[in-house]
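To get the numbering used here, take the position in the sequence shown, counting from 1, and add 46.
There may be inaccurate statements among the hints.
Claimed, not checked - Result set (DSSO-like, lysine-lysine): computed pairs, CA atoms no more than 27 Å apart in a straight line:
hint: 1; residue 1: K760; residue 2: K822
hint: 2; residue 1: K1036; residue 2: K675
hint: 3; residue 1: K461; residue 2: K703
hint: 4; residue 1: K900; residue 2: K877
hint: 5; residue 1: K714; residue 2: K703
hint: 6; residue 1: K667; residue 2: K207
hint: 7; residue 1: K914; residue 2: K878
hint: 8; residue 1: K731; residue 2: K714
hint: 9; residue 1: K326; residue 2: K731
hint: 10; residue 1: K704; residue 2: K675
hint: 11; residue 1: K900; residue 2: K914
hint: 12; residue 1: K993; residue 2: K1036
hint: 13; residue 1: K760; residue 2: K878
hint: 14; residue 1: K376; residue 2: K629
hint: 15; residue 1: K438; residue 2: K1070
hint: 16; residue 1: K326; residue 2: K337
hint: 17; residue 1: K822; residue 2: K900
hint: 18; residue 1: K675; residue 2: K207
hint: 19; residue 1: K629; residue 2: K461
hint: 20; residue 1: K914; residue 2: K904
hint: 21; residue 1: K878; residue 2: K972
hint: 22; residue 1: K207; residue 2: K739
hint: 23; residue 1: K949; residue 2: K1036
hint: 24; residue 1: K667; residue 2: K704
hint: 25; residue 1: K207; residue 2: K743
Hints listed in this document are in silico derivations from the structure and should not be mistaken for laboratory results.
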Amino acid sequence: MTVEQNVLQQHSQKHQQTLLNQLREVTGTTDVQLLQQALQASNGDLAEAVAFLTEKNAKVPQQDEATYYQTAQITNDRYISVGSQADTNVIDLTGDDKDDLQRAIALSLEESNRAFRETGITDEEQAISRVLEASIAENKASLKRTHTEVWSDSPNPYDRKRQDNCPVGLKNVGNTCWFSAVIQSLFNLLEFQRLVLHYSPPARMQDLPRNQKEHRNLPFMQELRHLFSLLVGSKRKYVDPSRAVEILKDAFKSSESQQQDVSEFTHKLLDWLEDAFQIKAEEDREGEKPKNPMVELFYGRFLAVGVLEGKKFENTEMFGQYPLQVNGFKDLHECLEAAMIEGEIESLHSAENSAKSGQEHWFTELPPVLTFELSRFEFNQALGRPEKIHNKLEFPSMLYMDRYMDRNRDITRIKREEIRRLKEHLTVLQQRLERYLSYGSGPKRFPLADVLQYAMEFASSKPVCASPVEDIDTTAPPGGMTAQLPPPASAGDQPDASVSPEGSSSGLQAQQQRVSIHKPFTQSRVPPDLPMHPAPRNITDEELRVLEGCLHRWRSEVENDTRDLQASISRIHRTIELMYSDKSMMQVPYRLHAVLVHEGQANAGHYWAYIYDPHHRQWMKYNDISVTKSSWEELVRDSFGGYRNASAYCLMYIDDKKPFLIEEEFDKETGQMLSGLDKLPPDLKEYVEGDNKLFEKEMEEWDALQVRKLQQEKLALAAAAAASVAAQPMSTEPCPPDNTDEPSLSPQPDPEYMEQQSPTGDSKHLQEDTQRAISKAAAELDEKSPEALLNTAMKVEYTRLLRFAQEDTPPERDYRLQHVIVYFIHNQAPKKILERTLLMQFADRNLGFDERCKSIMKVARAKLELIKPDEVNMEEYEMWHQDYRNFRETTVFLLIGLELFLKKSYVEALMYLIYAYQYNKELLVKGPYRGHDEELIAHYRRECLLKLNEHAAALFETGEEAEVNAGLSIMNELVVACIPLLLVDEMEEKDMVAVEDMRNRWCSYLGQEMEPNLQEKLTDFLPKLLDCSTEIKSFHEAPKLPAYSTLELCERYGRVMTSLTLSRTPADGR
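Based on the provided sequences and hints, a complete structural model is requested.
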C-alpha cells in the first residue's frame, strides 16, 4: 500500500467516525452496528441516515423540509459533533374527521406499548414528563418572544441614554437573544474586539465579489465592525444589531420566528469570520502560507490514539468548540474524562492485539479561547421529541487542562488507573457501610446501631403483666356497651338442615340488628394502664446482665466500624480530589470568561450571558438591552442547572497565561490606556460620532417638546376643568320629573364614597370641599348665575385635586384615598369620566343648605340627565369606579393586616396580607398607579409567614402533644397553604429564598433524635411542605371587612405607614 493510499484510508476512517459521532449525537442511538447500517443505507447522507433511524426506532413518519436538523459540515474535520433537534408529525384532532381521531388513538396505544418494551418507560412516567414540559412551557410563555414581543424603544431618549461607561446592550430584534449572548461574549474578548475593529477589507472589495462567500462574508464583517464600534463608543444604552442579524438569518434554514441554537450560530459565525480573515490574509501574504487569526484564536488540535478492529492508529485532528455530554455526570472534569475516552481501550496499553475498538483523545495544542458545548438537549425516542436535560453540572472558575495534554499522557494514565482502583475500593466500602446503615432483610431497614439499641431498651423494660391481653375485660366491648355477643353454637345447636339459606340469612340479619357489633378500629381506645413499650415476659437478672453486656459491646463495635468506614470513604474522596493538585499538573490554567445560559425547554427559551470583567473583578449579566452587575453566586444558581429550568449551555475559557486576550490597548506615544472613541480606527470613529450626533439631536428635540408641553400645561392648567365641562352643551332648564319614561336619562346612583347622606361622618369633608369651591367661585365671578358658578366651582375643585395628584407625597399621605378624582388623574382616566364624576359631586342632594348651593345642585343634576348614553360610556364609567372601589378594599386589607402585624398577631394578619397582595397584583396589571407598593406588601406577607414558621417550629420542639399539634396545624392550614402563592412568581427571588429558609428549618430535624411519635408526624408533614407544586389546592375565604369612612381610612392608613417608617427593617433582609 502506498503512502497516498494509506492517507486516503485514514481520511476515510476518520470521515466515517465523524459521521458516526454526529449520528449518535443526533438520534441518541448507541448501537454501532445500527448506526453503520443507517449510513450504508443512506450512502453516507447524514439527513437520510437520521430519517432512517428515527423511522426505524421511533416509528415516527419523516418530515419534509419543515423538519429541522442541525448537522456539522461533513467536509470540515474541525468539528467533532454538533447537537440537533427534531420535531415530530402531529395529527390534527381539531376537525371533525373521526379517522384522524381513531388513528391517533391507535398510534398512541402502539407507541405506549412499544415505548415500554424498548425503554422500560411506563405511560405514567411519559405522562409526567409531558406534564413537566407543558408546565415549563406555560410558566415561561413570556420567554417565547414573537415579532410582536420584541423590545420597543421608549419615546424618551433619556431612558435610552448610556450611563457613564456602563457596557452597551443589544436590542432584541425578534428572537435574537442567542445573537446578543454570543456577540457580547466575543466582544468582551479584547483581542477579538481589536481584530474585528481593525479589520480592513481587501482592496478588491471595491470590485464585484468573486464568489458567494465574499458576497456574504465581507458585508457581514463590515456590519460587525459597525456594531462593535457602537458597543465601544455609543452614547446609547443599547444599540440595534438588525443589519448584521439580517445577513446572518439568510444562512439559517429555519424560519425567522424560531430561536437559533447557540452552538449552531457560533459555528456559523466562526466560519464566516475565518473566511473573511482568510481572504485578507491571502491578500497580505502572497507567496507565503497565510496565518488566520481566527484559527489561531479559537482552534486547537488533539491526537486520537486508538484501536480499530485490533489495529492501532493515531490521527491528529483540529477542533473548535468541543462538545461534552451532560447526562450522567456531576462536573466538568467528569464530562471531559468521558469525552476523552471512547469504547474499550484496554488493548491500547497492552502488547496483545484484540478485536476490541476504542480511542483516546489527547490535546496537543489548546486554543487561547477554549469553548465547550454542553449538550443539554437529547432526542427522547419514547416520546418522539427533543427534551432538555436539567441535570446539575458544576464547573470551576479556574480549569487546569494538564491531565488532558498529550505530553502528560503517561502520568495521566497512571493517575486514572489509580483513581479507577480507588473508586472500586470506594464502591466496596460504600456497600459495606450501607449494610450497617440499612440493616435487615425485610422491606423496612434500619441502622444496625439503632437496632441493637432498641433490643437493649426492650430487654431492660419492666414487664407490667404476664400477658398483653390479661388485663383487658373481654366480656364487654369498649365504649360502655353492655350488649354481649351470643356464645358460639355447639354441634347440637346447629340449625336444621331443612331451613332454607334465605331463612338462615334473615335470622342472622335480625340477630345483627339486635346486637351491637364491636368495631375495633373505630371504637376501641388504648387502656390507660397499657405499657408504652413492649417488654419481655420473663427475664432473670443474670440473663439481663449478660444480654446488656453483649448488646453494649456489639453496639460499640458497630459504631466504631461505621466511623472507620465513613472515615475511609472520606479519605478516598479527598485523595481522588487531590489527585491532580500537584504543581506539575497545574501548569495549563484556563480562566472562565463567559457562560452562556439557556432558560426554557427544548423548543423554546431565552439566552443570556454572564461575562467576567477582569479590570473591575466583577461578573456582569448581559441580557439583551439590560447589562447589570452580577456575582459568582448568581451565576452558579442560574448556570449549574438542577434549579428551575435555567442552565449553562456553552462555557468559554481563556488561557490565563496569555493576558493579551483581555488587556486594554495603550497609546504608543503617551503610554495612556485608550478608551471610548480613541480605540477606534478613523472610519469607525467617524461612524460612531455620526450616530452620537443623531442621538444628541433626538434628545434636543425631546427637550424642546417637553418645554412646549410644559408651557401648554401651565396655560391650560387654570382652564382645564372649564374647557372639559364646556365641551358639553349645558342648560338651566328645570330637571324633568322623577317619573320620567326614559330610564336611560335618569341619573345613576352615586358611588358609596361619593354619597353625602348627612352633613356629618363620611361625607362631611367632601361636602366642605364642594362648598369651599362654590364660595371661591362666587368670590371670583361678577356673574352670579348658577351655571356660571357651577363651571367656575368645578374648575376650582379640579385645580385643587390636580395639584394634589401632582404632589410627590410620602406613603403615609396618599391623596388617592381622599378623592376618586386624584386616583383617576394618576391613572389617566378619560376626560368624560372626570367630568361626570365631578358633576356627581356637585349634584349631591345634601348640598342644598342655602339657595345658591341648591341652585347649583339642580344645574348639575340637569347636566347629568342631559348627557346622552353615546357621549359617556357607562360601562367604562362603572369600570373606573369599580377599580377605585377595589383599590379602597385592597387598602383596607393592607391596613388591617399591617396593624395586626405590628401587634404581633401574625395568625390573624396573614390572611389580610395575602388578600391585599393578590388584589393589589390584579390592580397593578392595569397600571403602576392602580394599587400600592407591591414590594412593601410582599415584604410583610413574607415576614408574616417566616414568623409563623418560627413559631410553629418552636411549638414542635417542645415535644408536648398539644403544642406539637398546634404548630403543625399552623403549618398545614396557613404556611403550607400559602407557599404556592410565593412560588408562582419565580422572579421574586426573596420569596424563593424565604420558602427555602422555611423548608430548611424543618428539614434540619431529620438528623436529630426525637420520640417516634414526633418522627412519624414529621415524616407525614414534610412531603406537604416540600411539594413544589404551584397549584393552590384549598384556601381560606377572604376576611369580612368593616366599613370605614374616607376620613377614618386616611387617618388609620397614615398612622400605620408612619409606624412602619419608624420600625420597619430594610426589606432586603430576606
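We went through each hint and held it up to the structure:
Restraint check for K760 and K822: the C-alpha separation of about 21 Å stays at or below 27 Å, so the hint holds. Distance restraint check for K1036 and K675: the Cα-Cα separation of roughly 18 Å lies within the 27 Å cut-off, and the hinted pair is therefore satisfied. A distance of roughly 25 Å separates the Cα atoms of K461 and K703; the hinted pair therefore holds under the 27 Å criterion. The suggested pairing of K900 with K877 holds, with an alpha-carbon distance near 26 Å, which does not exceed 27 Å.
Our distance criterion of 27 Å between C-alpha atoms is met by K714 and K703, whose separation comes to about 23 Å. The straight-line distance between the Cα atoms of K667 and K207 is roughly 19 Å, inside the 27 Å bound, and the hint therefore holds. For the hint linking K914 to K878, the alpha-carbon distance of about 12 Å falls within 27 Å, and the restraint holds. Of the pairs offered as hints, the one joining K731 and K714 holds, with about 19 Å between alpha carbons and a cut-off of 27 Å not exceeded.
Distance restraint check for K326 and K731: the Cα-Cα separation of roughly 22 Å lies within the 27 Å cut-off, and the hinted pair is therefore satisfied. With a C-alpha separation of about 25 Å, the suggested pairing of K704 with K675 holds against the 27 Å cut-off. Between K900 and K914 the CA atoms are separated by roughly 24 Å; this keeps the pair inside 27 Å, and the hint holds. Distance hint between K993 and K1036 is fulfilled; the C-alpha atoms sit about 15 Å from each other, no more than 27 Å.
The straight-line distance between the Cα atoms of K760 and K878 is roughly 21 Å, inside the 27 Å bound, and the hint therefore holds. Restraint check for K376 and K629: the C-alpha separation of about 25 Å stays at or below 27 Å, so the hint holds. With a CA separation close to 24 Å, the supplied pair K438 and K1070 stays within the 27 Å bound. For the given pair, K326 sits about 10 Å from K337 by alpha-carbon distance, which is consistent with the 27 Å threshold.
A threshold of 27 Å between alpha carbons decides the hint, and for K822 with K900 the separation of about 16 Å falls inside it, so the pair holds. Between K675 and K207 the CA atoms are separated by roughly 18 Å; this keeps the pair inside 27 Å, and the hint holds. Our distance criterion of 27 Å between C-alpha atoms is met by K629 and K461, whose separation comes to about 15 Å. A C-alpha spacing of about 18 Å is found between K914 and K904, which places the hinted pair at or below 27 Å, so the restraint holds.
This hinted pair checks out: K878 and K972 have alpha carbons roughly 19 Å apart, not beyond 27 Å. Restraint check for K207 and K739: satisfied, since their Cα atoms lie roughly 13 Å apart, inside the 27 Å limit. The hinted pair formed by K949 and K1036 meets the criterion: a straight-line CA distance of about 24 Å does not exceed 27 Å. A C-alpha spacing of about 24 Å is found between K667 and K704, which places the hinted pair at or below 27 Å, so the restraint holds.
Taking the CA atoms of K207 and K743, the gap is near 13 Å; set against the 27 Å cutoff, the hint holds.
Checked against the numbered hints given earlier, the structure satisfies every one of them.
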